[in-house]
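Residue-level listing of the chains:
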Amino acid sequence: MKSDIDYAALPFPIRDNIVAAQRRAWARLGAPGTWWDGPTRVAIAAEAREARTCKFCAERRSALSPFAVQGVHDCGGALPEAIVEVIHRVVTDQSRLTRAFYDTALENGVSDGEFVETVGVVVNVVAIDGFTRAIGLPNFALPDPKSGAPSRHRPSGAKTDRAWVPTVAPEDVTEAEAGLYGGLPGVNIHRAMSLVPDEVIGFFDLDAVMYLPPTQVRDFGTEYRDLTHAQIEFLAARVSAINQCVY
Amino acid sequence: MLLRASGQHTGDEYDLTAILGSRDNKIPDAALLSAYADAFYAEDPGTLEKARKALHDSVGDAALVDAAGIVGVYDAVVRIADATGTPLEDYKVEISGGLRDELGINDFPAARAE
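These protein sequence lines map, in sequence, to chains A and B.
Residue numbers 1 to 247, in my numbering, belong to the letters of the first sequence in order.
Residue numbers 1 to 114, in my numbering, belong to the letters of the second sequence in order.
It is worth saying that the hints were derived from the structure and are not from the lab.
The beta carbon of each residue, even a glycine, is placed where N, CA and C say it ideally should be.
Careful: at least some of the hints might be erroneous.
[Said to hold, decoys possible] Residues on chain A that point at chain B, a partial pick, calculated with CB under 10 Å: (1) Phe12; (2) Ile128; (3) Gly130; (4) Val187; (5) Ala236; (6) Asn243.
[Stated by the list, open to error] If you only want the chain B side, here are some residues facing chain A, beta carbon under 10 Å, derived: (7) Ala5; (8) Lys26; (9) Ala30; (10) Leu33; (11) Tyr41; (12) Thr47; (13) Ala54; (14) Ala63; (15) Val65; (16) Ala67; (17) Ala68; (18) Ile70; (19) Val77; (20) Arg79; (21) Ala81.
[To be verified] Computed Cβ-Cβ distance ranges for the label pairs, DEER-style: (22) Thr215/A / Asp44/B: 37 to 45 Å; (23) Val72/A / Lys92/B: 35 to 43 Å; (24) Thr174/A / Gly11/B: 26 to 34 Å; (25) Phe67/A / Thr47/B: 46 to 54 Å; (26) Glu175/A / Ala42/B: 46 to 54 Å; (27) Pro39/A / Ala42/B: 29 to 37 Å; (28) Thr215/A / Asp57/B: 28 to 36 Å; (29) Gly11/B / Ala100/A: 41 to 49 Å; (30) Lys92/B / Gly183/A: 15 to 23 Å; (31) Glu107/A / Gly60/B: 48 to 56 Å; (32) Lys26/B / Thr215/A: 20 to 28 Å; (33) Ala27/A / Glu43/B: 46 to 54 Å.
Could you build the full structure based on these sequences and the hints that come with them?
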């Protein structure tokens, strides 16, 4: 597998801004984060891929209740069991997650910041691997991890109100995380991972080019892509419906 | 809701129930887009290859890239919302209530998750 994001194998071009954003995401993925170091972040990304072929996850997903099946995950072995459980459930059974899933992760020793950063790493891999699969290419190799310590910055304005995880309201952003909502209106989906500001900044850097930047989403008078607004929203809604997502 | 707003802007009344199946509607290539999304989640890679080719033949290179971007990033967005227990904003719940009932969205497991 190639580790650089490179679409030269395709017979048609990929927009430069998509390639650039995915390369930035890959660089972030291998670098120290807020609560995890580079090797752990890459291990989380690898585990997100492993989850796709986990037999226990497949059995659980087809069961009426995820708790009806007992077993052990097929996993890479580099991460604690509690983190593996978070990764595999988010990748393979996200529509049936409940507050108890989050509480259990905390009870099993995962901090709220580690939980949010884990979700952040997973969704970057899901988005980029999803793009390559959708366009007809195999996954790229994961980046090499970089050395260095995580920043361990917890926003002082974080509080638990609307989501299971603590989040930072736009009015509670301090100078220490000043870029958190740069260009984003701070609606709930933007706030979801705000306990770890870099995950918001990173994911919505990808979202802006793979979907649309916030300023263009409701600008129905101008078409910014080769698909129209209606086609884009129809496809996005269809993906959400397949995943039984209510957001 | 954005789809409804987009239709209101252009004066088109879209059949929003089409997002729950592959029924065609007034949106160009809706059936192909829907089939592409469905095939993305199919176990057999050949299903996706076939759906991708059909969409590609109809919309061309650049729009296929757009479609792949949306499928990839929305497959991630739903995981952000569901993994963090992020609810829909109150004002969106209010204005979309009838539509959500009509489409059965309020019966999704995530709508009942606490």
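Report holds or violated for the interface hint on Thr47/B, using the least CB-CB distance to chain A and a cut-off of 10 Å. 12 Å, violated
Note whether the CB distance of Phe67/A and Thr47/B lies within 46 to 54 Å or breaks it. Because 31 Å falls outside the window, the suggested range is violated.
Once the shortest beta carbon distance from Ala68/B to chain A is found, is it less than 10 Å? 4 Å, holds
Can you verify the interface hint for Ala67/B: is its Cβ closer than 10 Å to any Cβ in chain A? This interface hint holds because 6 Å falls under the 10 Å limit.
Under 10 Å, Cβ to Cβ, is where Ile70/B needs to be relative to chain A, so tell me if that hint holds or is violated. 5 Å, holds
So the hint says 20 to 28 Å: do the beta-carbon atoms of Lys26/B and Thr215/A match that? Because 26 Å falls inside the window, the suggested range holds.
Is the shortest C-beta separation between Gly130/A and chain B less than 10 Å? This interface hint holds because 3 Å falls under the 10 Å limit.
For the hint 48 to 56 Å, verify it against the beta carbon of Glu107/A and that of Gly60/B. Check passed, 51 Å falls within 48 to 56 Å.
Quick check: does the Cβ-Cβ distance between Thr215/A and Asp57/B fall within 28 to 36 Å? 33 Å, holds
Taking the CB of Glu175/A and the CB of Ala42/B, does the distance hold inside 46 to 54 Å? Distance hint for Glu175/A, Ala42/B holds at roughly 48 Å.
Status of the Ala30/B interface restraint (C-beta, 10 Å, chain A): Holds. Min distance 6 Å.
Is 35 to 43 Å right for how far apart the beta carbons of Val72/A and Lys92/B are? Holds: the Cβ-Cβ distance is about 40 Å, inside 35 to 43 Å.
Hint compliance for this structure: hints 12, 13, 24, 25, 33 are not met, and every other hint is.
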